[in-house]
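Novice: Take a look at the letters that make up each chain.
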Amino acid sequence: MSWLDRVRNALPFGAKRDTADNLWHKCRQCQQMVFVKEWEDNLNVCPRCDHHDRIGAKERFAQLFDGGIHELIAAPAAPEDPLKFRDTKKYVDRIKAARAQTGDRDAYQNAFGRIAGQGVVIGVQDFAFMGGSMGVAVGEAFVAGVENAIKRGVPYIAITAAGGARMQEGTLSLMQMPRATVALARLRRAGLPYIVLLTDPTTGGVTASYAMLGDVQISEPKALIGFAGQRVIENTIREKLPEGFQRAEYLLDHGMIDMVVHRKELPETLGRLIGYLAPEKAA
Amino acid sequence: MTAFLDFEKQVAALDRQIAELRDMGDDPTLNIDNDIARLEDKSSKLLRDIYAKLTPWQKTQVARHPDRPHFKHYVAGLFDDWMPLAGDRNFGDDQAILGGLARFRGRRVMVIGHEKGDDIPSRMKHNFGMAKPEGYRKAIRLMQLADRFGLPVVTLVDTSGAFPGIQAEERGQAEAIARSTEQCLALGVPMVAAIVGEGGSGGAIALAAANRVLMFEHAVYSVISPEGCASILWRTSDKAADAAAAMKMSAQDLLGLKIIDRIVAEPVGGAHRAPEVAIASLGDAIALELDGLSGLPRDAILAAREEKFLAMGRG
Ligand SMILES: [Zn+2]
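Taken in sequence, the protein lines are chains X and B.
Everything in the first sequence is counted per our numbering, starting at 94 for the first residue and increasing by one.
Everything in the second sequence is counted per our numbering, starting at 2 for the first residue and increasing by one.
This is chain B alone, in the form it adopts within the complex:
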């Protein structure tokens, strides 16, 4: 059963009606099949219309949808021979960032990404995708490993932000993020990042300073959460929708600003309504980008990435 969002109420009502009709069984005198078909048509048209013009705040809710596919689903759907690697060799193994070796359509790659978890115990285990310094330091270690052995790096970004906590600060959260970003930029191997859900601030850029940055159609990528922005600038988190619109955090806006390189289409109604379709589309986009980067010399890969980020905001 899909968890409906606020703005999907009408669709939810139609789907409930359809379910009720189905429950009435198959009495041929009632001509239920026609009614069901008509309602299904209406529901899917409505869904298409709603999703064709989602506001940035609605997109934020889609990007955070509990049923939206995340790291483990992409790994299962896109990569073969997944071999997770663990630990930062200094403090621990942060479960909010996972990474490992995998084969992707014939290529050997390093996959790194945020994992949010999908039920209460797993969300606790993965700290809701909010990484601590050891998570970023694990990412650095894996990127260095990939760089040494010539494996392209693929990252899947999905975090509301780095974890704000006492121990995280004590262990150097800021430094870990800065170094992880620096490591992305220092790679001589191709790096492709995909913003698959929420790209939350420094916690996201630490894994996203890539040669090519992909973004799902309804993902969001911002410097602060809309709630955080609203509570600072409007002095009330009630203005989150205004903040989301003002910050231009949608894939469509960010493509226009040249912050991302490609939008990956989602199935109608968002990735959570047909995860396998979304996952396959992302796979095709990643393959396309890796193809475009393959065979380039290390210096050229690094220089192109540097030039791209050096120009950010130059207009």
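So here's chain X without its partners, still in its complex pose:
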């Protein structure tokens, strides 16, 4: 896919890119300025410091599926604002703002496509939508994605990014942990592999459920992955956290994931894994 196509696909942001400010991307890690085109051609990875920036479903689907070709999988609508929640703002207004900002209905999208010619359903959690937080709609989409994979007889890949559960949905958000887990049990019974790609950041209840239940666990470099927040830990134990704590490489060292893979290598790695784990077609 060309850069222009990608910009066009990224609407409603496309229009803003005409301004001079948007010709440049400032790396969140090294603070250096990079041409947006160069940055995007580099898969939203900083060409200076290799920082893997957070990206949404559209970019993931474009980057991972063969030729970027994919078919979106609709999830049933979830009840909105089940608790009539309001903090300093109404939850419904926060959702509206997130929808306007991202162009998505909620924080999780699924699509079917091929990687190295092999069918697969990928679900992507988008940190840009309310911190990727897991509420009923995310649970609904996760279940829909897994069920679609079962129906097609293909592997399921979850690409996680979340600050945790969506507090505005209270205990219903907590219930999405067992809910997603049931869907995965069914995937397993169907003999289909479940691959998790952890991205920055994956924390809280998302980590403590589907993000850690993969048959194979992959992470992008330096992604923050953990159960408890770092400030909570510091306040509880009153100790400095070790260097690199809760980063992908740290988890690899502690036996919590199988591999840390650069974004450039993901299609190849996923393709090989699917080749090993997906049901073999009868010759």
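To be clear, the hints were calculated from the coordinates, so they are not data collected in a lab.
Honestly, I wouldn't trust all of these hints.
Unchecked claim - Think about it this way: if two alpha-carbon atoms lie no more than 25 Å apart in a straight line, the pair counts; the simulated DSS-like pairs of lysine-lysine are:
#1 259(B) / 183(X)
#2 315(X) / 119(X)
#3 10(B) / 43(B)
#4 259(B) / 177(X)
#5 46(B) / 10(B)
#6 54(B) / 177(X)
#7 357(X) / 130(X)
#8 54(B) / 259(B)
#9 10(B) / 240(B)
#10 54(B) / 10(B)
#11 240(B) / 54(B)
#12 119(X) / 357(X)
#13 183(X) / 240(B)
#14 240(B) / 177(X)
#15 315(X) / 357(X)
#16 315(X) / 130(X)
#17 54(B) / 43(B)
#18 177(X) / 189(X)
#19 126(B) / 333(X)
#20 73(B) / 126(B)
#21 240(B) / 182(X)
Remember, predicted model here, so these are calculated numbers, not experimental data.
Got chain X; can you put chain B with the ligand on it based on the hints?
Specialist: Same frame as chain X, but now just chain B with the ligand:
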């Protein structure tokens, strides 16, 4: 002596008056008995009124009350021939989650639950009921054991949450919780969970993905503590009461949302005022649920549990 909560001040004042009158001895000319009876009546009415309309934040304080019965009291009051089992076979034996074999009203069961401890040394020993990965992995091991030998699983949930610490993270806190939840959902034997105090987030659901979920009248069950929610969404933990109300974490709200299946009544003034009454009520509720699940084939038990959790939030 009961530790009074903030909103019980008037009751505390009355009880102090009653105690003072009692201390005056039994001088018949003072007619103290009548005064005492009148004050006791007033105190119990007041307590009843207060507890009939506790706010979610007040319930949170009741659920955390230091005198509230917890795991060891339920084990002593409800189960015979308690045989604790220990260890996750990998790292250690986490004292924040206890478990073992027991007989419950004629049934053989596996009992697993959080233990908070009830004085400073025991609270330290049990890490205030905040489990580490080895605690959840012990729970997984015991659930698998129960499943193999056909024993129903009864869990007693009472935790502010899983322990947030460096070693807990290094040993895979998130994975341990995820696997424990998965194990609950994979059981072919009946599982009944009771939220007896605090049901705190992932640390609670890891032991609560059960066929039937009971909850005490004044227990709380939430995705994050009210203080945590307030400090994130309101940017000050002073708004914990607002957060508790907004998150709908009371048993009454959660029954309406179909997150729990049954509310277990507490004695007036909360479980800590008459622990033996609370414990017996919980026992009756557990027995009722186990009766309802007994005799079902393994597939049906598992499928029913899966369907229930698959529908969570579907409205
Ligand atoms: Zn950079």
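Novice: Hint by hint, which ones does the structure fall short of?
Specialist: none
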